[in-house]
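Take any residue in the sequence shown, note its place counting from 1, add 246, and you have its number in this note's numbering.
These are computed hints drawn from the structure, not numbers from a lab.
The calculated lysine to aspartate or glutamate pairs, modelled on EDC-like cross-linking and capped at a C-alpha distance of 16 Å, are: (1) K504 <-> D440; (2) K706 <-> E695; (3) K272 <-> E253; (4) K355 <-> E253; (5) K395 <-> E667; (6) K414 <-> D286; (7) K332 <-> E318; (8) K267 <-> E695; (9) K706 <-> E397; (10) K463 <-> E495; (11) K267 <-> E667; (12) K533 <-> E474; (13) K504 <-> E437; (14) K533 <-> D471; (15) K355 <-> E378; (16) K504 <-> D458; (17) K414 <-> D290; (18) K289 <-> E384; (19) K272 <-> E695; (20) K272 <-> E397; (21) K374 <-> D361.
Derived CB-CB ranges, DEER-like: (22) Y646 <-> K457: 45 to 55 Å; (23) A636 <-> C564: 11 to 21 Å; (24) K355 <-> E474: 31 to 41 Å; (25) R447 <-> Y328: 31 to 41 Å; (26) Y328 <-> N503: 49 to 59 Å; (27) A417 <-> S494: 39 to 49 Å; (28) A417 <-> L392: 12 to 22 Å; (29) G443 <-> K355: 41 to 51 Å.
Here the structure is a predicted model, which is why all the values come from computation and not from measurement. Every residue gets a Cβ at the ideal spot worked out from N, C-alpha and C, and that includes glycine.
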Amino acid sequence: MNHFLSEDFYLGGETGGCIYKEYAEKLPVIDYHNHLNPEDIAKDRRYDNMTELWLEGDHYKWRLMRWAGVHEEYITGDAAPYEKFKKWAAVLQKAIGNPLYIWSHLELKRYFGYDGLLNPDTAERVYKLCNERLGEPEMSARGLILQSKVEYLCTTDDPADSLEWHEKTAASGFSAGIAPTFRPDRVLNIEAGDYAGYIERLSSVSGVNIKDLDGLKAALINRMDYFEERGCRISDHGIEYSYSQIASEENAAQSFNKIMNNLPLEGFGGYYFKSVLMRFLAAEYSKRGWVMQLHYGCWRNANRQAAKRLGANTGFDCMNNTTPVTPLINFLNYLAAKNCLPKTILYSLNPNDDRILASAAGAFQEGGIVGKVQHGSAWWFNDHADGIRAQLRSLASIGYLPAFIGMLTDGRSFLSFSRHEYFRRILCGLLGDWVDKGEFPRDIEALGEIASAVSYYNAKGYFIRQAPSLQE
Numbered sequence: 247m248n249h250f251l252s253e254d255f256y257l258g259g260e261t262g263g264c265i266y267k268e269y270a271e272k273l274p275v276i277d278y279h280n281h282l283n284p285e286d287i288a289k290d291r292r293y294d295n296m297t298e299l300w301l302e303g304d305h306y307k308w309r310l311m312r313w314a315g316v317h318e319e320y321i322t323g324d325a326a327p328y329e330k331f332k333k334w335a336a337v338l339q340k341a342i343g344n345p346l347y348i349w350s351h352l353e354l355k356r357y358f359g360y361d362g363l364l365n366p367d368t369a370e371r372v373y374k375l376c377n378e379r380l381g382e383p384e385m386s387a388r389g390l391i392l393q394s395k396v397e398y399l400c401t402t403d404d405p406a407d408s409l410e411w412h413e414k415t416a417a418s419g420f421s422a423g424i425a426p427t428f429r430p431d432r433v434l435n436i437e438a439g440d441y442a443g444y445i446e447r448l449s450s451v452s453g454v455n456i457k458d459l460d461g462l463k464a465a466l467i468n469r470m471d472y473f474e475e476r477g478c479r480i481s482d483h484g485i486e487y488s489y490s491q492i493a494s495e496e497n498a499a500q501s502f503n504k505i506m507n508n509l510p511l512e513g514f515g516g517y518y519f520k521s522v523l524m525r526f527l528a529a530e531y532s533k534r535g536w537v538m539q540l541h542y543g544c545w546r547n548a549n550r551q552a553a554k555r556l557g558a559n560t561g562f563d564c565m566n567n568t569t570p571v572t573p574l575i576n577f578l579n580y581l582a583a584k585n586c587l588p589k590t591i592l593y594s595l596n597p598n599d600d601r602i603l604a605s606a607a608g609a610f611q612e613g614g615i616v617g618k619v620q621h622g623s624a625w626w627f628n629d630h631a632d633g634i635r636a637q638l639r640s641l642a643s644i645g646y647l648p649a650f651i652g653m654l655t656d657g658r659s660f661l662s663f664s665r666h667e668y669f670r671r672i673l674c675g676l677l678g679d680w681v682d683k684g685e686f687p688r689d690i691e692a693l694g695e696i697a698s699a700v701s702y703y704n705a706k707g708y709f710i711r712q713a714p715s716l717q718e
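Starting from the given sequences, assemble the full structure and let the hints guide the process.
Written as C-alpha cells, this is what we have:
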C-alpha cells in the first residue's frame, strides 16, 4: 500500500523515481505566470498568522469552502483568523480527490516541517506551529521565494500600472529575477464599465493624448517601452474569442470613436476594433521578441450577483465552451503571413481543447525556434494530477514533449511554488509509466534530459534566452 505523501508519491515504479531524483528534483524554478502581489515582494512582507498567508486571496480554497457549506463570514468575511483556519481544516479533512488536499499538505510539509494531517483535531496545533515558524527570518515573502529555488518569476500587470514595486525590488538587489507581464485585457474589454475612464488613465500615465485609435496605439507603445525597460518580456491576454474579423484600420478607428463617445456599436464593430488591436499588439510583441500568452475558455463572474457583492477573482468563474478553432487559426495565420507571429502560448480552461490547441501549435512551428508556439500547461481547473497527465499525453501524442515549457503556478500565495514539485513528480511518473509499459526504452539519460528540459531548461530558454536547437 502506498503511504500518503511518501517520498515516491506520483512517481510510480523505479524508473519514474530514478528520473525525478537524479534529474528533476533539485532544479530551480521558472514561474512565468502568477498573480503574486509585487508590493509584497518589494516590501518583503511578513505574515502575522497562517490564515493571512494561506487563505487571503486564495479563491481555490474559498470556492471549496462554499461548496462545503461554510458561511461567507469564515471565507472573506470578518471572522477571526483562527476561526477561518478551523473551518478550512474541517473542509480539507474530507476533500478526497481534490488537488487542494495534496497541495495543502505538501505546503505544510515543505515549508513548515509538519508531516501529519490537518483536520479539526489537529487544527490548533498546526496553527500554532505555523505561526511560530512564520516568525523566523526566512519565512517572509522573499524568503519563501528563495526557499522555493525560484530563479525567475513574472507577475501580471496592467499597462497603466506604475511598476513602482518592481523598480524597488530591482533596486534592492534581490537575487531572484522578478519581472512584470504586460496584460492589456482592460484595453480590449470595451464592455466593462467606465471604459472611457480607463482610457483617460492610460492617457495620463503614457503622456499621450488618446483621441483616436492612432493615439491608443501610441500610448500602448509607450507603455510597452516602459514595461520593457523594467524587465518585461511577456504579454498575457485573457480572451473569450480570437479576434480575427476581416477589418480595416478605418473600421477599427470608427468603432473606437463610437466607443469613446458612448455610441452604440453595430454588427461586428467591437470585433473590428479588437481584431485590429490584437494584430497590432502581436506585431509589437514579435518586434520586441516578447512571448504572447493567450488564455481562452473562462466564463468570468458566472455568478453575477456574488461577484458584484465580493468582486472579481473571488471564486465565481467557470469553464466556458471550447476554443473557437477557426478564429484562432485565422489569427495565427494572419500573423504568420505577415512574418510577425511572436512566440505564443495557447491555453484553454476547457480540457476538451487539449488536442485542438496541441494540433494548432504544431501547425505554426518555424524559424528554428524550439517549440515556438506552445500548448500551454494544464490551467486552473485542470492543474490537478488527471488534468496534467491529460495535457502531457495530448501534447506528447500530437506534438513534441521535449520542447514543452512546463508548469506555472497561476498562484496568489508564496506557498504555491510547491506545485512545481507536484508537476515534476507527475511528469517523471508518466515518463516512467511509458517505459514500464514497453512504449519507450529505459534510456535514463534521454529520459532525464526530457524531464530536465520540461521542468526548467525549456522555460529558461523560452523566456530568458533562446535555447539552442535540440539538434545542436
